[in-house]
Amino acid sequence: MDIMPKWVDIIVVPLFSLFLAAFLAALLILAIGESPVAALNLMIEGTLLRSAGWGYMLYYTTNFIFTGLAVSVAFHAALFNIGGEGQAMIGGLGVALVCLFIPWPHWTLAIIGASIGAALFGMIWAGLPAYLQAKRGSHIVITTIMFNFIAAGVLIFFVVDVLKPTGSMDPASENFPASTHLPTFQDIASLMGFEKAFRSAPANVSFFIALFACVAIWYLIWRSPLGYEIRALGKSGAAARYAGVRPVKIIMIAMMISGALCGMMAINTTQGESERLILNFTEGAGFIGIAVALMGRSHPAGVFLAALLFGFLYQGGAELALWTKIPREMIVVIQALVILFTGALSMMVRAPLERFFMSIKRADV
Amino acid sequence: MIDFLTLIQVLDGTLRLATPLLLVCLAGLFSERAGIFDIGLEGKLLAAAFVSAAFAAITGSVWLGLLAGILASILLSLLHGLASITLRGDQIISGVAINFLAAGLTVVIAQDLFGQGGRTPPLKSGGRFEPLNFPWSISSKEMSDAGPLMQLYSELLSGHSLLVYLALLTVPLSWFVLYKTRFGLRLRAVGENPAAVDTAGISVVGLRYGAVVIGGILCGIAGAYIATSLQANFTKDMSAGRGFIALAALIFAKWRPWYALGACLLFGFFFAVDNRFQNILMPAWALSSFLIFISLVLLSYVWKKDYLDKVVLGGLALGIAIISLMVISSVWTSGISSQVKIPVVFIQSLPYVLTVVVLAGFVGRAIPPKAGGQPYIKER
Numbered sequence: 001m002d003i004m005p006k007w008v009d010i011i012v013v014p015l016f017s018l019f020l021a022a023f024l025a026a027l028l029i030l031a032i033g034e035s036p037v038a039a040l041n042l043m044i045e046g047t048l049l050r051s052a053g054w055g056y057m058l059y060y061t062t063n064f065i066f067t068g069l070a071v072s073v074a075f076h077a078a079l080f081n082i083g084g085e086g087q088a089m090i091g092g093l094g095v096a097l098v099c100l101f102i103p104w105p106h107w108t109l110a111i112i113g114a115s116i117g118a119a120l121f122g123m124i125w126a127g128l129p130a131y132l133q134a135k136r137g138s139h140i141v142i143t144t145i146m147f148n149f150i151a152a153g154v155l156i157f158f159v160v161d162v163l164k165p166t167g168s169m170d171p172a173s174e175n176f177p178a179s180t181h182l183p184t185f186q187d188i189a190s191l192m193g194f195e196k197a198f199r200s201a202p203a204n205v206s207f208f209i210a211l212f213a214c215v216a217i218w219y220l221i222w223r224s225p226l227g228y229e230i231r232a233l234g235k236s237g238a239a240a241r242y243a244g245v246r247p248v249k250i251i252m253i254a255m256m257i258s259g260a261l262c263g264m265m266a267i268n269t270t271q272g273e274s275e276r277l278i279l280n281f282t283e284g285a286g287f288i289g290i291a292v293a294l295m296g297r298s299h300p301a302g303v304f305l306a307a308l309l310f311g312f313l314y315q316g317g318a319e320l321a322l323w324t325k326i327p328r329e330m331i332v333v334i335q336a337l338v339i340l341f342t343g344a345l346s347m348m349v350r351a352p353l354e355r356f357f358m359s360i361k362r363a364d365v
Numbered sequence: 366m367i368d369f370l371t372l373i374q375v376l377d378g379t380l381r382l383a384t385p386l387l388l389v390c391l392a393g394l395f396s397e398r399a400g401i402f403d404i405g406l407e408g409k410l411l412a413a414a415f416v417s418a419a420f421a422a423i424t425g426s427v428w429l430g431l432l433a434g435i436l437a438s439i440l441l442s443l444l445h446g447l448a449s450i451t452l453r454g455d456q457i458i459s460g461v462a463i464n465f466l467a468a469g470l471t472v473v474i475a476q477d478l479f480g481q482g483g484r485t486p487p488l489k490s491g492g493r494f495e496p497l498n499f500p501w502s503i504s505s506k507e508m509s510d511a512g513p514l515m516q517l518y519s520e521l522l523s524g525h526s527l528l529v530y531l532a533l534l535t536v537p538l539s540w541f542v543l544y545k546t547r548f549g550l551r552l553r554a555v556g557e558n559p560a561a562v563d564t565a566g567i568s569v570v571g572l573r574y575g576a577v578v579i580g581g582i583l584c585g586i587a588g589a590y591i592a593t594s595l596q597a598n599f600t601k602d603m604s605a606g607r608g609f610i611a612l613a614a615l616i617f618a619k620w621r622p623w624y625a626l627g628a629c630l631l632f633g634f635f636f637a638v639d640n641r642f643q644n645i646l647m648p649a650w651a652l653s654s655f656l657i658f659i660s661l662v663l664l665s666y667v668w669k670k671d672y673l674d675k676v677v678l679g680g681l682a683l684g685i686a687i688i689s690l691m692v693i694s695s696v697w698t699s700g701i702s703s704q705v706k707i708p709v710v711f712i713q714s715l716p717y718v719l720t721v722v723v724l725a726g727f728v729g730r731a732i733p734p735k736a737g738g739q740p741y742i743k744e745r
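Chains as they are written, first to last, in our numbering: chain W, 1 to 365; chain C, 366 to 745.
One chain only, chain W, in its complex shape (with noise of 0.2 angstroms):
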């Protein structure tokens, strides 16, 4: 465990890992005849150049924290909550009954009602596999893949036979009240003067309440006793069992506050962007939200920094799609492949930079 220092464990692996995914997906866009140097051009040219590109990348970077975040509370119990989809859909669902049946006199407390509504819901979607895992052993991984599937049924029925006003052929919910409406980026910029900033882009605020639930779990998991019970129990169940954590407790703490967090995604998504409940809001940002806590080691601080990465990615993909032959789907590819290198080949990844420094070590005796 110690063989190397903490910092290369922290940014060298990582890095390396991002690495060798930019290099495989480099080599199939050569395959595909494009040039993988003037497509990572591009890609920097459509997002970091423009302030659009940047109101696009927030907006999927906020996304990415809220379900980064909740993947990475439930690795410290270790839990695989890999139902982030289903819980970000129903806290969709907790969206737009908030917005769609109160009267909110003014955004600020429509998007604390809002963030409520998510959070509760997600947290009860979660809450159920919770219960299975922690009363009745049933593996989370399998129940959690089971209620993505279960939740899109629901979001299907309440959008299309419950929400979708009479007579409309869309599937979606009436649009929300204008009083729900979240200041964009853009909307900041014009107040501040720049009127031609992030034209059209979704970022808006919630983009700072996902960075405030980036301090808050921090706080949470390293500063908070529930944290240290959070990662006593996951570091090792039968000690912290020793120690007095209550494993049933902390699983059911552990999940709900992770489907709490994929819930909240929809505020950015459904109140933020779309502004009325649609079908597909999620775009799999449930799972992206795996690679992205997996990328940043399950720290806060890592995984704003993912976050911001498959931001930079998904917003970059979008401008491949449009001006290359290479579809948005790449963008996937570099997902597995960082999911494969950081996840699953971590020891393949680690192995030679172990051995690099245990040479060294070897040299200073």
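The reader is advised that the hints may include incorrect statements.
Simulated DEER-style distance windows between Cβ atoms [unchecked claim]: (1) Ala-561/C / Leu-48/W: 26 to 32 angstroms; (2) Tyr-228/W / Thr-546/C: 17 to 23 angstroms; (3) Ile-707/C / Leu-48/W: 39 to 45 angstroms; (4) Phe-19/W / Lys-669/C: 55 to 61 angstroms; (5) Lys-669/C / Ala-243/W: 26 to 32 angstroms; (6) Gly-244/W / Asp-671/C: 14 to 20 angstroms; (7) Leu-226/W / Ile-645/C: 31 to 37 angstroms.
It should be emphasised that the hints constitute simulated quantities derived from the structure, not laboratory data. The model shown is predicted, which means the values in this text are computed figures rather than measured ones. Here a beta-carbon is modelled for each residue, glycine too, at the ideal position from N, C-alpha and C.
Chain C: place on chain W using the hints.
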């Protein structure tokens, strides 16, 4: 009331839709019985579907397509084996990565090869598996005039792709291999207690690789089936969660081959019903009393349990009771005996709900292989 022919047609659809589930389910069975969790079934299915359709489209031969699909699926299996057996990484994470890899690569390559938005062109006659018509079977035009036995013979038994019959044969074959051969005994042992197998001087690694490769072959056949028999081309994400439903069926079947056949036919039936009927009508009284019954069963179960059980299951019972009240209130004016429409999404969700119920262990507890998900480390 539905007539006999409609029933036969639904059962026919059941068989066709259950086939890929069955093959993938058995793939998972081999893998998980050897102690390797396989979330990546979906990805292997998708990859095999694409590769077989692409090869069949280019070469015009469905057999080359099938072979290539199987090879692609085996390659992904070996990747899973490398990650989870040799490098002792996390099996779940590896499976997730394989799913994404397949979802991304298939579209990227399809777009590059065919330029049709991630699809392959429609397969011509040599490029797909044609239905095998049994002797004396009649065509679908004459079906409505034929007698019930003839309908049963021609519609349900005859007229399927070769792979459907192959899939059905795989069930007794898997049972035989797992329960009647030395290899099968060892394979099951390695999923329960790998250390014991190792002590007996048998290679744990070899057995586990064998199991995942068998899984790869079966997923490969399933993928070729959905792209060259069920449909006649590859479309983006065409596996449509079948890998996960097969996983659900595997749990439902408690990791046993014959039960797997039953579970896959049941889940296939749900999909066939869902395909055939747009609306499923049910008398309101039946639906609401059924819901209230479930709610009462839950409540009686939690009566003497602790606080958490009361909150979670009691809340669930309350939710179900509220739904049944909503059903009653929706028919309040037209009378309790009138029909209510059950949205099709609920029929689609049934496999998942049933799996959760089985996993929860309230009805027939499902106990997975003991060493599942743990990498084997010699001389710990």
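Hint-by-hint comparison with the structure:
A beta carbon spacing of about 57 angstroms between Ala-561/C and Leu-48/W contradicts the range 26 to 32 angstroms that was offered as a hint. The hinted window of 17 to 23 angstroms between Tyr-228/W and Thr-546/C is violated, with their beta carbons roughly 51 angstroms apart. Taking 39 to 45 angstroms as the suggested C-beta distance range, the pair Ile-707/C and Leu-48/W does not conform, at roughly 51 angstroms. At about 58 angstroms, the beta-carbon gap between Phe-19/W and Lys-669/C stays in the expected band of 55 to 61 angstroms.
Remark: the range hint 26 to 32 angstroms for Lys-669/C to Ala-243/W is upheld by a beta-carbon distance near 30 angstroms. Hint check: Gly-244/W to Asp-671/C, Cβ distance near 18 angstroms, so the stated range 14 to 20 angstroms holds. Hint check: Leu-226/W to Ile-645/C, Cβ distance near 46 angstroms, so the stated range 31 to 37 angstroms is violated.
The structure fails hints 1, 2, 3 and 7 (numbered hints given earlier, in ascending order).
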